[in-house]
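For the record, the sequence lines run as chains A and B.
Here the numbering used here is used: the first residue of the first sequence is 5, the next is one more, and so on.
Here the numbering used here is used: the first residue of the second sequence is 342, the next is one more, and so on.
Keep in mind that a hint or two might mislead.
[Stated by the list, open to error] Here are some chain A residues the structure puts well away from chain B; computed CB gaps all over 12 Å:
1. G23
2. A55
3. S98
[Claimed, not checked] Over the 10 Å line for every Cβ pair with chain B, so calculated as not near, a few chain A residues:
4. K41
5. A45
6. V94
[Said to hold, decoys possible] A partial selection of chain A residues facing chain B, derived with a Cβ cut-off under 10 Å:
7. Y7
8. F11
9. W15
10. S30
11. D36
12. G67
13. D71
14. R97
If you're looking for bench data, these hints aren't it; they were derived computationally from the structure.
Everything numeric in this text was worked out from a predicted model, so none of it was measured.
Built from N, CA and C at the ideal position, the CB exists for glycine as well.
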Amino acid sequence: MAYLATFYWGWLLGSVLLGLAMGWISVVQHGDGVPRKWRWALAALAAALVAATLTRVVPGRFGYWLDLGLIMFALYLCGCAVGSWLRDWVVSRSQPAA
Amino acid sequence: MHGLFRWSGKWWPGVIPLVLFWAIAAWTSTEPLEADLAQRSTAALKDTILDKRRISVAGRDVSLAADAFSEDGRQSAVASVEAVPGVRLVNDETRLVPEATPFVWSAERDVLRVTLSGSSPLPASKGRLMEAARASLGGVEVVDRMNLSRGAPPRFDNAALLLLDQVGKLKDGKITLSDTKVSLSGMARELGGREAIAAALKNLPEGFSVAANEVKAPPYIFQAYKDPVAVTLTLTGNAPDNNVHAALAAAAGRKFFSEKVVDNLKASVGAPAGFANAVVPALGALSRLSTGTLVVSDREVKLSGAALYEPAANQIRAGLGKDFPQGWQFKPEISVKPAAAPVDATVCQQLFAELLGKARIRFESGKADIVADSAGLLDRLIETALRCPNTNIEIAGHTDTDGDEAANQTLSEKRAQSVTDYLVRAGLAANRFMPVGYGSTQPIAGNDSEDGKAQNRRIDFVVR
Numbered sequence: 005m006a007y008l009a010t011f012y013w014g015w016l017l018g019s020v021l022l023g024l025a026m027g028w029i030s031v032v033q034h035g036d037g038v039p040r041k042w043r044w045a046l047a048a049l050a051a052a053l054v055a056a057t058l059t060r061v062v063p064g065r066f067g068y069w070l071d072l073g074l075i076m077f078a079l080y081l082c083g084c085a086v087g088s089w090l091r092d093w094v095v096s097r098s099q100p101a102a
Numbered sequence: 342m343h344g345l346f347r348w349s350g351k352w353w354p355g356v357i358p359l360v361l362f363w364a365i366a367a368w369t370s371t372e373p374l375e376a377d378l379a380q381r382s383t384a385a386l387k388d389t390i391l392d393k394r395r396i397s398v399a400g401r402d403v404s405l406a407a408d409a410f411s412e413d414g415r416q417s418a419v420a421s422v423e424a425v426p427g428v429r430l431v432n433d434e435t436r437l438v439p440e441a442t443p444f445v446w447s448a449e450r451d452v453l454r455v456t457l458s459g460s461s462p463l464p465a466s467k468g469r470l471m472e473a474a475r476a477s478l479g480g481v482e483v484v485d486r487m488n489l490s491r492g493a494p495p496r497f498d499n500a501a502l503l504l505l506d507q508v509g510k511l512k513d514g515k516i517t518l519s520d521t522k523v524s525l526s527g528m529a530r531e532l533g534g535r536e537a538i539a540a541a542l543k544n545l546p547e548g549f550s551v552a553a554n555e556v557k558a559p560p561y562i563f564q565a566y567k568d569p570v571a572v573t574l575t576l577t578g579n580a581p582d583n584n585v586h587a588a589l590a591a592a593a594g595r596k597f598f599s600e601k602v603v604d605n606l607k608a609s610v611g612a613p614a615g616f617a618n619a620v621v622p623a624l625g626a627l628s629r630l631s632t633g634t635l636v637v638s639d640r641e642v643k644l645s646g647a648a649l650y651e652p653a654a655n656q657i658r659a660g661l662g663k664d665f666p667q668g669w670q671f672k673p674e675i676s677v678k679p680a681a682a683p684v685d686a687t688v689c690q691q692l693f694a695e696l697l698g699k700a701r702i703r704f705e706s707g708k709a710d711i712v713a714d715s716a717g718l719l720d721r722l723i724e725t726a727l728r729c730p731n732t733n734i735e736i737a738g739h740t741d742t743d744g745d746e747a748a749n750q751t752l753s754e755k756r757a758q759s760v761t762d763y764l765v766r767a768g769l770a771a772n773r774f775m776p777v778g779y780g781s782t783q784p785i786a787g788n789d790s791e792d793g794k795a796q797n798r799r800i801d802f803v804v805r
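Here chain A stands alone, though its shape is the one from the complex (with noise of 0.2 Å):
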């Protein structure tokens, strides 16, 4: 993971600068989030690919795609977290204020 991060830390910076913008966003955006029984479903999906990456089962090129797959998404996630919290910070700051 380490020789990844150092490999290849512009496209890690991009999914966290993605993840950021799109938390960022999704505290004020209206409309529909995903339905309650699909997160369950992609909560799964995200187990299996990272026990499927942790096992190393998949092979070769595969593998590889797969390892840097789910570094992204991770990354992403933390991005999201981390814009949403901070969109919420300002937001509740502002509001009192307003």
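Since the structure of chain A is provided, determine the placement of chain B on it from the hints.
Relative to chain A, chain B alone:
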């Protein structure tokens, strides 16, 4: 926390550009990543000795195929690659180099090339052997048919390098090292090569031994040619050392009283045992021929030529082999020279005088025993006597003045009788010869010098 859960339901649109990012990243990074990992893995194996090493990388998985020379080496190679940062999995396709029992290595030399074959323990030893072969064989093509195997005896390299040196001394042949046993066969390049190889093999590393040494040497040749026209005796070929060389030249000088000795011998080691003891009598036999060639090849003595008369031919055929050391063979091809035309008594006397003017019949000191060196001269005297069959000949013995006169008288008589007996044994009629002893009464030179005395000690043939 509840907010984070609520917001996360709206994060999905960002996944679309993320997937795009991911695809581009995967597209552009895979090959550079693989190249980088291959390079790092190769560098990690730099100090590990492996044969047929192949590294292929798919994603972050490295496939390592190689032949290792020990189980430890194999495991450490795999571990080294596993330790390379970024490597996810190592597909271990390594195996151990096969073990050879017995561990056989050989070097074979023919006219054109030297072929190294069999097993070699490590790539480095293989390289070292090839390099040593090229260096010591200077210019000869060296073919590498060695494979790598485990199970070499300790100090294999030293033994093989020493054996490679010996290949340089062979004209053709094969040297095989089977575990610690060395076998050699073939033909040495030069005289003495066999001995040099045998001496070098004493320096084999501890634990190694010679199982069979069947290296042959080129034949050890000595030749002597008696040329009646040029009146020369030409010696060619080899003599073992300067002492034997000098002894042969001296013997030739004594035995060939009228021929000039042309000495083209060269000193070479590798002579068969008893060389001088066989060659000296053979030169004596050659001196009795009118023309002839003596060829000594290893332990075979071939004498061809023409004797001066029939009994001489028989004596040479039957007698020479008996004088040889054990193991020597004699192959006579002796014919008899056609009898020369008869001459009258005057010419006969003249011929005797000519012969005895060139050389004297020699005896053991103080005795009446004729020395073998005089056989050639006696044969010529007999041949001359055969040319005048109707003459009677006085065999006159003379001495110098040293010693008691009565003893000299007796010695001269005995010596004259001894010569007469020799002539009779050669088939001449006994009644033609009158042995007479004159003691020191008829000197032909002064008895006051060694040279004069030597001239006075003589046998004269006087035609009556």
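_Violations among the numbered hints_ = 1, 14
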